[in-house]
Every structure is written in structure tokens, then in C-alpha cells.
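Fit chain U to the known structure of chain Y by using the hints.
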Amino acid sequence: MDKLRDKVRNLLAQGKVAGYIGYIMKDGHPLPHFFTKDRLEEVDRAIVAPGDARYPLDKLLQQAAAAAPDAVFAIQVRGCDERGLNELYKWGQLDPEKVVLVGIACPQDQADYCECPGPWTTVIDSGEKCQPVLRSPRVDRIDSLAEADALQEWTTHFQRCVKCYGCRDICPMCFCKECALEHQDLMSTGAVPPDTIFQLVRAVHMAGRCIDCGLCEENCPADIPLRVLYKKGNLLVKALFDYDTGSPEAGPSPWKFLGADSPLATKPM
Amino acid sequence: MAEKEFEPKILGFFCNWCTYAGADLAGVSRLQYPPNIRVIRIMCSGTVSPHHVLRAFQKGADGVLIGGCHIGDCHYLRGNYMTIKRMRFLQDLLKFIGLEEGRLHLEWISAAEGPKLAETVRNYTEKVKNLGPSPLKRAALAA
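Protein sequence lines correspond, in order, to chains Y and U. For the first sequence, the working numbering begins at 1 and goes up steadily by one. For the second sequence, the working numbering begins at 1001 and goes up steadily by one.
Bound conformation, chain Y alone (with noise of 0.2 Å):
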């Protein structure tokens, strides 16, 4: 904690950065904040967050960053922060030169919840790198399932929905303008539960985007295991298109390429 704390106090007192965005110990609550220069006696108690105390920086930084287009700010990132920041810069959210990275490695109860295949930063400034998950056996137990079964599940899940859009407001990489859940010519309005499309419209917006921080499934008043649905995606996205979510070196978004060749062939009837 040391470590982290003196070099978000070095990043500010030099004037590196406009802001830290980080978690401050208030109150006996972990909460986000906003650390500045002005206030330098507050980076003592400057923490990083439990597991279940997440919330999305990544979508704090944009708003920080849309007010302030020109400053640099310094953002407590995990493993899948920093592919959520990643992501974004790719799609020219954030600028990738006004941004700088505070690392925090997840211990491996955290990696084993989140089931997370890369649970550290490239830069590390507190904790112990950790065993990653590569497979989810949450998704594997789907997979296994017989179709039935499958969808029989997944409509009794979607049929708890309240549609109260919690999974959209807290995603760090929900930042379009107008959404598709809300097209009165695209969905259902006025009725819950919702569409059972509902869910795999954002199921097919967050493919290739959702960067698997898991605070949609942690925000459902419901309990809809939306991670498992959007781990999927992103699973299908790498074995249709060889493409990482979240990775620097993945190149474009396999939706804005317009590759000269395709490899996929049309699935016989």
C-alpha cells in the first residue's frame, strides 16, 4: 500500500497528473474519489478496493477525461481495467498519452471468482502476481447442457429481469449516445419483464467489447449470471476471429475491419 500511495503522492506533488481516480477509505467505506493536488494529506488514506467493493473507474476517467480533454490523469486499474482502458482507446474514448496507469495485481480469490485469465496490470504497484483462470467452468457448464435445458435456463433467468438497465449504467464500456435497448423500434417498451431478446442484444454489443469486469452481474438486482452470457461472446469473438478482447496487440475490433479476405464459410443448412 506504501508503494502505491507514494507514488500517486510523487504523481501528483510533480504535477504529473491533473487527479488520481482511486479508492479513499471514508467513513470506514471504500469509495471512489477523486485525488488532486490540493488535498495531498487525503493520498494517505488511499486504498486499493476489496473485491466486492468494485466500482467502474474506467467510466469515471471518461467523464473526467470528456471535462478535461487536455489533462492527464492517473486511474487505479486491475487486470481487466487496463483491457477496458484498452478497448476504449481503440475506440477513441480515452487517449492513451493522458493516461496514467496505477497497477494493482488481484489476489487469487479474486482471480478464482472472477474466473479472470489475466488478473494483473502491466505495471504492477501493489500485490503479487497470481495463478489466472483460463477456462470457465461456468461456461463449460452451459455448454454441456442439452438445447432445452439450455434455454430453459436462460428464459427463466431473462424472465427475473426488471430492465432497470443497471447492467448498461455501470458498464465501463457502455459509452454510445443512444441505445439500442431503448429503440422503440428495436425492442419492446413500457413492459417487464423486457424482450427475452433483451439480454442478447447487449449479449451482441458487448462481443468483442466487454473486457469481463463482472460489475454487470454484481449490479443485478436479479441475479442474471450475464458474465457467463458475455464470456461467451468474447469466446466466440477469439475462436471466430482469433481476436483478444482487451489486448493491446489484438489490432482493430474484428466489427470495424473490413478484412480483404474471410476466412468463414457459410454453415451448411
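Check before you lean on any hint, since a few could be wrong.
[As the list claims (entries may be wrong)] Estimated spans, in silico, between C-beta atoms of each pair:
1) 1133/U / 122/Y: 30 to 40 Å
2) 1040/U / 122/Y: 40 to 50 Å
3) 140/Y / 1126/U: 45 to 55 Å
4) 1133/U / 131/Y: 40 to 50 Å
5) 1133/U / 192/Y: 41 to 51 Å
6) 239/Y / 1028/U: 34 to 44 Å
7) 146/Y / 1028/U: 38 to 48 Å
8) 256/Y / 1059/U: 24 to 34 Å
9) 1072/U / 223/Y: 14 to 24 Å
10) 1028/U / 269/Y: 24 to 34 Å
Honestly, the hints are just simulated from the structure, not real lab data. In this text, all values refer to a predicted model and were calculated from it rather than measured experimentally. Quick reminder that beta carbons are idealized off the backbone N, C-alpha and C, glycines included.
Quick look at chain U alone, frame taken from chain Y:
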């Protein structure tokens, strides 16, 4: 009273330059195919968003057939590259949530392939008929 045979509702998205022209050819050649398909003419199969396909299933389609130009023949050069990417992904995603494979089908049919169009629609209607009513439709009704 004997129960009526299940007649599926199939939604077709046919591209203006190839598959729709192929359907025209099938028509003027007087080739027969079942009337279960409702065709929407679109300018390019690349304009079919996964939204439209999902919306069709939500609204009660038992199958969705998308027809586009062969790879390399797209009137807009690369439109059908987008089609195959999106639809292959969507086919696999629908399979994951438990929709039978084949509810969504993509076929390249050129303007000269009238017989292929008639045969594709015949075979596809038969296939969807055997699959039965879409389970998504049942789920939507239950909700």
C-alpha cells in the same frame, strides 16, 4: 378435428442485387417454392443487423433466412464480409442460449441462381417445419 400441420413463419432478408434478383428469376422461370417465407428486400445483406434478426425471433419468426451475394460479388464490394461475420457470431450465440441450430441461416445466392433460390427456400421451410415452432416464441408467450 385433425390438428393442422405446423406451417412455419420464415422471414427472409434478400439483398437487392443478388438474392432478390434470384427470386425474380425463380418467379419468371415459374419455379415453385413454399409460401412460408416473407421476404424483405434490403439493399445489401451487410445492412442486416443482429438486432433485426433478434427482433424477428421476438416477434414470432420460426426461422430467419438471409440471402446475399457470393463473397467477392457484393455490389458494395465488402458488405457481405460484414454479413458473414455478424451472422456466424449470432448463430453460435443463439446456439449457446439453446436455440436450435438452423433457425438462422445464411446463403449466398446470385442473380443467376433462380433454381438454387427455390431449392434453398424449399429445403429451409422443410427444415424449420421439422424443428417445430420457435422456443423463443413460446418463451415470449409465457412471459
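> What hints, given by number in increasing order, does this structure fail?
Replying inline: 1, 3, 5, 9
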